[in-house]
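K.L.:
What follows is the residue order along each chain.
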Amino acid sequence: MEEKGRLGIPRALMFYRYFPFWHSFFERLGWKVMVSDGVRQKEKIVYFEDSCLPMKLLVTHAMQLKEKVDHLFIPRLVSIHRTYIMCPKFRGAPDIVRLATERKVSIIDETIDLRKGGISLLQSFLRIGERLGASRQESKKAFREAEQSFSQFQKGWTDRINRLPTRQLFEMDIATPPAGRKAPLRVAFIGHPYNLFDIDINKDLLALTKSLGMEIITSDFLSEQEIDREVSGLSKEIYWSSGREIVGSLFHFLSGGVDGVVFLTSFKCGIDALLQEFIKRRLKVRGGSSIPLLILSLDEHTGREGLTTRLEAFQDVVEQRKTENI
Amino acid sequence: MKVTFPHLGSMHIFCKAIAETAGIPYIVPPETSRKTLTLGVLHSNECICLPFKMILGNFIEALQMGADTIVMVGSGPPCRLGLYDLVQKVILEDMGLHYRWLTIPPRLTWQAIWKNHEETKELRKELSARNIFLFPYGLWMGWKKMMACEALEQLAMKVRPIEIKRGETQKRLKKALSWVDEAKTPRVLEEAIQKGKALLQEMEQDRSRIPFKVAIIGELYTVMDPHINRGVEQKLGELGVEVTRTSWFSTHIMRSLRKNKADQTSERTRFFEASKAYLGYDVGAECNVSVGEAILRSKEGYDGVVHLMPFACMPETTASGILTKVGKDWDIPILTLILDEQEIEGRIQTLLEAFVEMLEWKRRAA
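If you read the sequences in order, they're chains A and B.
Reading the first sequence from the start, the letters are residues 1 to 326 in the working numbering.
Reading the second sequence from the start, the letters are residues 1001 to 1366 in the working numbering.
Some hints could be false.
[Unchecked claim] For each label pair, taking beta carbons as the anchor points, the in silico distance ranges come out as:
#, chain 1, residue 1, chain 2, residue 2, range
1, B, K1125, A, R229, 28 to 36 Å
2, A, I119, B, S1033, 38 to 46 Å
3, A, R115, B, T1269, 36 to 44 Å
[As the list claims (entries may be wrong)] To be clear about the criterion: a stretch of chain A counts as covered by chain B if any three or more of its residues have a C-beta under 8 Å from a C-beta of chain B, and this derived list gives those stretches:
#, segment
4, 195-203
5, 260-270
No wet-lab data here; the hints were simulated from the structure.
All of these numbers come straight from a predicted model, not from anything done at the bench.
Backbone N, C-alpha and C define an ideal beta-carbon position, used for all residues, glycine too.
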């Protein structure tokens, strides 16, 4: 198929979960997908608004791409779950980028709201296809194929995290290498996907973790029922899907199955701030957990050295507990 | 049973009137103070929004004074306000404080009623038939008082910039509000309202002054509660500014009762429509209204806009980013004040003085 043009996807926010899907959808429609590079230096961050670091990075990445592409893809993610919603900042994200780029680049900001029913995702992508000049049939076919390759990708996700350098996780043409030596410790990493996999946010904490001999598992590893079990009995429903995932998987892992739990939060993240307090208090009220928990708050001033020290100390605690228990 | 409720502007007058008229024992939490805030800050973390900390402080103080039942308005997604109760409950439990909690649902849905069922069952046992019988009358009385408070406050906003003795309006407003608060029967209340209005109108005024017109917009708690915003409304007024705001207790009650249906031309709807030039979706809470109001106020010839928000507020952070552009596009000065627990009263005074001075230059240049 001939190339129709270039479509830019900023390496930020939900890129770190849905990129395989988006990538395959647009490639199948004949568009060349361009992804922004990392930022690496904090001097390069664009401060358009005073938000959390992940949101500032979205603007920064969009600015990197704006001259190189025909369209920017920044979907308006209202809800990615049939009942629960996303953080309100996601609803205004395309508008913020539009103002930051001075309305000079075309932004595909189709609303994605899965609360509207089973086929609403397909409908959103049909509209996206329409904006890119594809017929309904073409879009539908591309969507089905994207769905397939996404579920394929998800199956190998835990292996991919543990066997590939963090930067290459979303390089679609790099295959997952075969299993290496088994790591002695199993640690669960909890948090928004961008906090876990964006090395500009966490200074490649995952590489550090692996080099210290820990195997990483994430909440993608759990089924929705397992996550729901810990959060369904609350006096009020947590209505953010990411918040439910964080609280649910955190309590799940703290009840067993891993040697330690690390919770990564962004400074100024409203959801994390509130739920972090909830998690700490609830643990205390319930009498604590025997599994060590490390909470790391990240922003643009976070240094690699500080993180290394804390992670090494955490490793000591985890190892000590393990030898005591045997 | 002793009922308590959080502070929000003069909302305590409304809640007190209901409890008093229906004969339900209650405790009004002490006026929000530095101590209240310190308590709230101590038991939460730095990125939780300021209203959360204030309300938590109110509850801790009230529970320590002997209250045992907390009544709190609930709210829905997407903002954090809707989950305040979930987190505050576990914080109070961790502190070893005993309480019962009643959330008034923002919209009466079956799910909301079901979730409240357990708590109300307990409470109903302690209420006498007389309490329940008098409750609607209490609500009516409370509503009357609330409307009276708002009318008085609006009047004060009008006369404050032209007062001759600085601070006189505030003194008189306080007195008038206390009359409303103390009224026990509808007749006394009616008298109190008339007396209060007269008190404000009879004050010495300098009618030759032409006050600046400034609209206060932003997150509702910070706009409505003088303790949270450190008296921005009063400070601006005393600098010679006629302040307007569209966020009132009654606005939000009516909105949640969906009374605004007939109100398609209401101000909020107009603001929301105006925001569409910048925002393609309802971000939640007051975000879109803030953006739209700034645009329309510029068209209406206002001199400036003051935007209030708590630090790390999710919807208003988006609004503040957009407002910087709105200010440029529509040539209207917008001052965003981000409020947190720091001692910033002096800084706010300085910022407001500079803002008003800038308005003066702008007026002179025109």
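K.L.:
Each hint: holds or not?
P.N.:
Right, here's what the structure says about each hint:
In this structure the hint that K1125/B and R229/A lie 28 to 36 Å apart at CB holds, the actual value being about 33 Å. Remark: the range hint 38 to 46 Å for I119/A to S1033/B is contradicted by a beta-carbon distance near 55 Å. One distance hint, 36 to 44 Å for the beta-carbon pair R115/A and T1269/B, is violated here, with the actual separation near 23 Å. Counting residues of the segment 195-203 of chain A whose C-beta lies closer than 8 Å to any C-beta of chain B gives 0; at least three are required, and the coverage claim is violated.
Figure legend: the segment 260-270 of chain A, annotated as covered by chain B; annotation consistent (4 residues with Cβ-Cβ distances under 8 Å, at least 3 required).
Checked against the numbered hints given earlier, the structure breaks hints 2, 3, 4 and satisfies all the rest.
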